[in-house]
Amino acid sequence: MNAFLTQAAKARWPLPALVILGFAIAILSQYQPIFSGYTQIILITIGINIILCASLNLVNGYMGEFSVGHAGFMSLGAYTSAVFTTKWLPDIPMLFPVAVIFGGMIAAIIGFLLALLSFKTRGDYLAIITLAFLMIVKSTWENITYVGGPAGLLGVNKMTTLPWTLFWVVVTILVIRNLIYSKFGRAIIAIREDEIAANAMGVRVREAKILAFVVSSFFGGVAGALYAHLNFINPKYFDIVKSTEILVMVYLGGVSSLGGSILGAVIFTVLFNKLEPLGYWRMAILSAMLIALMLFRPRGIMGMRELTWLLPKRELFPKGVVEKP
Amino acid sequence: MSTLLEIAGVTKRFGGLCAISDCNVSVQTGHAHGIIGPNGAGKTTLFNLITGIYKPTEGAIRFRGESIGGLRPSRIANIGIGRTFQNIRLCKALTVLDNVRIAFDSQLRYSPIEALFRLPRSAHDEQRSIDESMALLQPFGLASHAHDIAGDLPYGLQRKLEIARALALKPDLLLLDEPAAGMNTGETAALTEFLRWVRTEFKVTLVLIEHHMHLVMNLCDHITVLDFGQTIADGTPAEIRANPRVIEAYLGGTEDEQG
Amino acid sequence: MLYDFLYLAQQTINALQQGSIYALIALGYSMVYGVLTMINFAHGDLFMLGAFACMLLAGALAPLFVTFPPFLLFLVVLLLVMAIIGFLGAFIERVAYRPLRGAPRVSAIITALGCGLLIESLTLVAFPYSKSMPTLMRNTTFELAKVADPSGTGAPLTLTITALQIVIIVVSLVLMVALDFLIRKTRWGMAMRAISFDARTVPLMGIPANRIISMTFLIGAGLGGAAGMLYGLAYPVIAPSMGILVGWKAFIAAVVGGIGSIRGAVLGGFILGAVEVLAVVVLPSTYRDLICYSLLLVILIFKPYGLLGHAPNQKV
Numbered sequence: 006m007n008a009f010l011t012q013a014a015k016a017r018w019p020l021p022a023l024v025i026l027g028f029a030i031a032i033l034s035q036y037q038p039i040f041s042g043y044t045q046i047i048l049i050t051i052g053i054n055i056i057l058c059a060s061l062n063l064v065n066g067y068m069g070e071f072s073v074g075h076a077g078f079m080s081l082g083a084y085t086s087a088v089f090t091t092k093w094l095p096d097i098p099m100l101f102p103v104a105v106i107f108g109g110m111i112a113a114i115i116g117f118l119l120a121l122l123s124f125k126t127r128g129d130y131l132a133i134i135t136l137a138f139l140m141i142v143k144s145t146w147e148n149i150t151y152v153g154g155p156a157g158l159l160g161v162n163k164m165t166t167l168p169w170t171l172f173w174v175v176v177t178i179l180v181i182r183n184l185i186y187s188k189f190g191r192a193i194i195a196i197r198e199d200e201i202a203a204n205a206m207g208v209r210v211r212e213a214k215i216l217a218f219v220v221s222s223f224f225g226g227v228a229g230a231l232y233a234h235l236n237f238i239n240p241k242y243f244d245i246v247k248s249t250e251i252l253v254m255v256y257l258g259g260v261s262s263l264g265g266s267i268l269g270a271v272i273f274t275v276l277f278n279k280l281e282p283l284g285y286w287r288m289a290i291l292s293a294m295l296i297a298l299m300l301f302r303p304r305g306i307m308g309m310r311e312l313t314w315l316l317p318k319r320e321l322f323p324k325g326v327v328e329k330p
Numbered sequence: 208m209s210t211l212l213e214i215a216g217v218t219k220r221f222g223g224l225c226a227i228s229d230c231n232v233s234v235q236t237g238h239a240h241g242i243i244g245p246n247g248a249g250k251t252t253l254f255n256l257i258t259g260i261y262k263p264t265e266g267a268i269r270f271r272g273e274s275i276g277g278l279r280p281s282r283i284a285n286i287g288i289g290r291t292f293q294n295i296r297l298c299k300a301l302t303v304l305d306n307v308r309i310a311f312d313s314q315l316r317y318s319p320i321e322a323l324f325r326l327p328r329s330a331h332d333e334q335r336s337i338d339e340s341m342a343l344l345q346p347f348g349l350a351s352h353a354h355d356i357a358g359d360l361p362y363g364l365q366r367k368l369e370i371a372r373a374l375a376l377k378p379d380l381l382l383l384d385e386p387a388a389g390m391n392t393g394e395t396a397a398l399t400e401f402l403r404w405v406r407t408e409f410k411v412t413l414v415l416i417e418h419h420m421h422l423v424m425n426l427c428d429h430i431t432v433l434d435f436g437q438t439i440a441d442g443t444p445a446e447i448r449a450n451p452r453v454i455e456a457y458l459g460g461t462e463d464e465q466g
Numbered sequence: 156m157l158y159d160f161l162y163l164a165q166q167t168i169n170a171l172q173q174g175s176i177y178a179l180i181a182l183g184y185s186m187v188y189g190v191l192t193m194i195n196f197a198h199g200d201l202f203m204l205g206a207f208a209c210m211l212l213a214g215a216l217a218p219l220f221v222t223f224p225p226f227l228l229f230l231v232v233l234l235l236v237m238a239i240i241g242f243l244g245a246f247i248e249r250v251a252y253r254p255l256r257g258a259p260r261v262s263a264i265i266t267a268l269g270c271g272l273l274i275e276s277l278t279l280v281a282f283p284y285s286k287s288m289p290t291l292m293r294n295t296t297f298e299l300a301k302v303a304d305p306s307g308t309g310a311p312l313t314l315t316i317t318a319l320q321i322v323i324i325v326v327s328l329v330l331m332v333a334l335d336f337l338i339r340k341t342r343w344g345m346a347m348r349a350i351s352f353d354a355r356t357v358p359l360m361g362i363p364a365n366r367i368i369s370m371t372f373l374i375g376a377g378l379g380g381a382a383g384m385l386y387g388l389a390y391p392v393i394a395p396s397m398g399i400l401v402g403w404k405a406f407i408a409a410v411v412g413g414i415g416s417i418r419g420a421v422l423g424g425f426i427l428g429a430v431e432v433l434a435v436v437v438l439p440s441t442y443r444d445l446i447c448y449s450l451l452l453v454i455l456i457f458k459p460y461g462l463l464g465h466a467p468n469q470k471v
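Chains as they are written, first to last, in the numbering used here: chain D, 6 to 330; chain H, 208 to 466; chain V, 156 to 471.
One thing to keep in mind: the hints can contain errors.
Cβ-to-Cβ under 8 Å is the rule here; a few derived chain D residues that face chain V [what the hints assert, rightly or not]:
#1 122
#2 130
#3 140
#4 293
Calculated Cβ distances over 12 Å to all of chain D for the following chain V residues [unchecked claim]:
#5 218
#6 234
#7 313
#8 326
#9 341
#10 356
#11 361
#12 365
Treat the hints as calculated values from the structure; they're not laboratory data. Don't be surprised by glycine CBs; every beta carbon is placed ideally from N, CA and C.
Using the sequences and the accompanying hints, generate a full structural model.
As structure tokens, then:
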């Protein structure tokens with residue numbers, strides 16, 4: 006068994022195999038009661054959190070910024086996709102992916118604007134701008150009666166299923182992975198390392214920032230769209246507390262690591278639900294854990310390291326080998 | 208002999224402080240051009256002006272006859288000017304190979320969509336990036352370190368990596384900011400030979416800021432001397448050595464090894 | 156005409172009250188940022204603890220002070236609250252932030268977030284429901300002016316100021332002036348400013364940097380605690396969640412003023428107070444947050460480093 010595991014760790018087949026297996030189980034679960042309703046919701050929530058985590062990691066981890074506004078993109082995707090399926094083209098299940106993409110695109114447009122703002126400011130100042138943006142989006146929804154105002158949007162169909170969630174998780178990880186291991190990803194990382202040097206090496210910094218923000222906000226919107234069709238949405242849900250939760254997941258799992266994002270999302274969601282009976286002690290325990298983690302592993306559990314299965318083949322250099330065979 | 212880089216009457220003011228005042232430098236293609244002067248004379252500021260980090264308050268900077276003053280640094284890098292920094296600015300958390308690949312990236316032509324779906328052109332370009340960057344590391348003795356983390360390299364190798372990285376841009380002009388900083392006499396002599404080799408091998412024109420006089424006098428075809436932001440002398444090493452203003456401002460009476 | 160003027164004057168008084176509290180909180184953020192270039196996200200929750208500490212202390216000490224004028228109780232509770240919250244702030248720095256001085260900056264910020272969350276959740280465990288603040292003084296209302304309603308139908312408009320408002324504004328001003336004096340005229344203040352310029356060389360000059368940093372946290376947290384107490388007295392129903400709500404707002408105010416700048420924090424706090432109060436004059440109250448944050452965003456777009464802040468110098 007041990008030999009098998011070590012073989013599997015070095016091989017390329019496990020990840021596609023796991024994905025196919027996952028889809029098989031997910032689709033089967035729609036017809037057979039493999040999971041209880043509660044478990045299904047937990048699994049879907051894990052999926053949504055993975056998407057949130059991975060997308061925020063792109064801007065906060067790989068590009069080294071500190072955006073606290075991710076819940077804002079989530080809310081943009083949630084509300085716009087919900088309006089799409091309830092008020093514009095109601096009750097057509099086939100159009101669910103279209104609605105999700107629509108939510109993502111709206112979020113991406115706003116992400117583009119935020120990227121423009123990021124040209125002049127960096128670091129803490131950009132963090133504030135993202136915070137202000139988050140509050141503005143929240144306030145906007147509270148004041149538009151068309152989407153229910155402070156009471157929230159009612160009558161949204163529960164279209165988010167396990168297979169759909171898994172689909173979007175795979176798309177998100179794949180897209181971000183392909184982006185990171187390309188010249189665009191290198192540009193984004195170079196900006197984090199040393200923006201001035203990156204400029205001097207011909208990196209088109211502005212384009213890279215736009216790409217990072219747009220992709221990040223798109224998938225933030227996608228996660229929101231999935232959430233909107235899972236659970237009731239109201240503006241209060243998408244506030245700084247939600248943004249903080251996403252941040253915690255990112256830094257828990259590890260910055261600049263997709264495997265870390267998956268790990269962080271899973272650990273946080275599971276703990277969050279398992280500890281619910283503890284009431285308010287739950288947050289106390291989780292925050293104490295976070296503090297301890299930061300003191301011992303400041304970059305998160307898998308910070309700056311990546312799951313070998315996620316690396317493209319050409320990036321897999323065995324240590325000590327100079328040239329490819 | 209043509210003029211590759213021309214700095215004409217450039218002045219740079221930061222608020223009330225005048226860092227560079229009416230500076231004139233003319234760099235010929237194929238030369239090794241030295242910029243020397245006491246600390247604070249404005250040498251690095253001049254580099255920053257050439258590479259677009261600052262915009263000249265007055266005057267013009269011309270590269271291959273065309274004005275580049277005010278262009279963005281990434282644009283200037285892409286039209287053929289590479290540089291190293293006084294305080295090494297490598298991507299310290301990345302591998303040696305990745306540092307070079309970043310500079311090579313502007314020569315890859317695929318779009319984000321092709322990257323997303325890993326279409327053939329992107330895969331081909333990426334392989335080219337790896338191969339050519341590795342090839343570039345070979346003569347610098349860095350190939351065996353390709354997958355080491357750049358921040359873990361010894362200081363001397365980090366400096367070499369910075370030069371290799373700048374050369375990945377395939378520049379016509381290479382600006383080196385104190386390449387011999389922290390080196391002893393032996394290392395400096397080796398560096399002199401090395402830079403001569405770089406100039407021939409990569410067909411670049413060199414401009415270097417340096418304090419090590421042996422390096423400057425032995426390597427450079429032409430030297431400009433700055434002091435307090437102004438050009439106080441300009442000529443061949445022999446002329447500079449004999450120039451009383453230079454001796455007074457900088458060399459201190461006799462030819463001294465600085466550093 | 157006079158009616159409108161009086162109305163505006165009333166709102167100005169309210170804005171001053173609100174702004175003073177925000178300014179006190181913002182000062183805590185700015186001071187810490189000045190010495191450590193770190194956003195202390197636990198600060199908002201320290202503010203909240205100030206209100207709760209006041210509630211507990213006032214309840215415990217009130218019987219002892221029955222024979223004394225009420226202002227004495229107020230003063231004692233204020234000083235105790237500032238001391239307790241101040242030391243708590245310094246303690247957090249010592250235990251959670253100092254070990255992370257060498258680590259990536261973001262880790263310290265996340266730790267701060269964690270500390271804030273920990274404080275909030277522990278308070279929630281202790282007080283799951285909102286509590287009401289005891290009254291610490293007789294809140295007399297002073298009538299400053301009175302004008303009849305010009306349309307003749309409504310009640311006359313009275314320009315009033317309450318004792319509590321006076322206390323809040325005066326206490327805040329006293330604290331701010333004291334802080335300004337400390338920063339500009341004492342050796343400690345000079346050391347604080349020195350650290351904000353160059354943290355590495357300061358110890359080389361024989362200045363105990365760690366002690367100065369602890370003191371900065373002490374004072375900053377103390378001011379935040381005082382603000383919490385005043386806020387609790389002004390809005391007598393307190394809940395553990397108010398740390399996040401008010402804290403983040405004050406943080407934006409600090410940044411708009413120019414984070415790291417003491418004057419900026421005060422300016423930002425008063426601007427926020429003014430905008431919050433005056434926004435609802437013209438528009439329905441649900442738009443208040445929208446106006447506030449949009450205005451702050453606009454200011455930041457034009458002055459990315461805040462009104463009194465400056466871009467960090469970077470040597471190339």
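Violated constraints from the hint list, given by number and in increasing order: none
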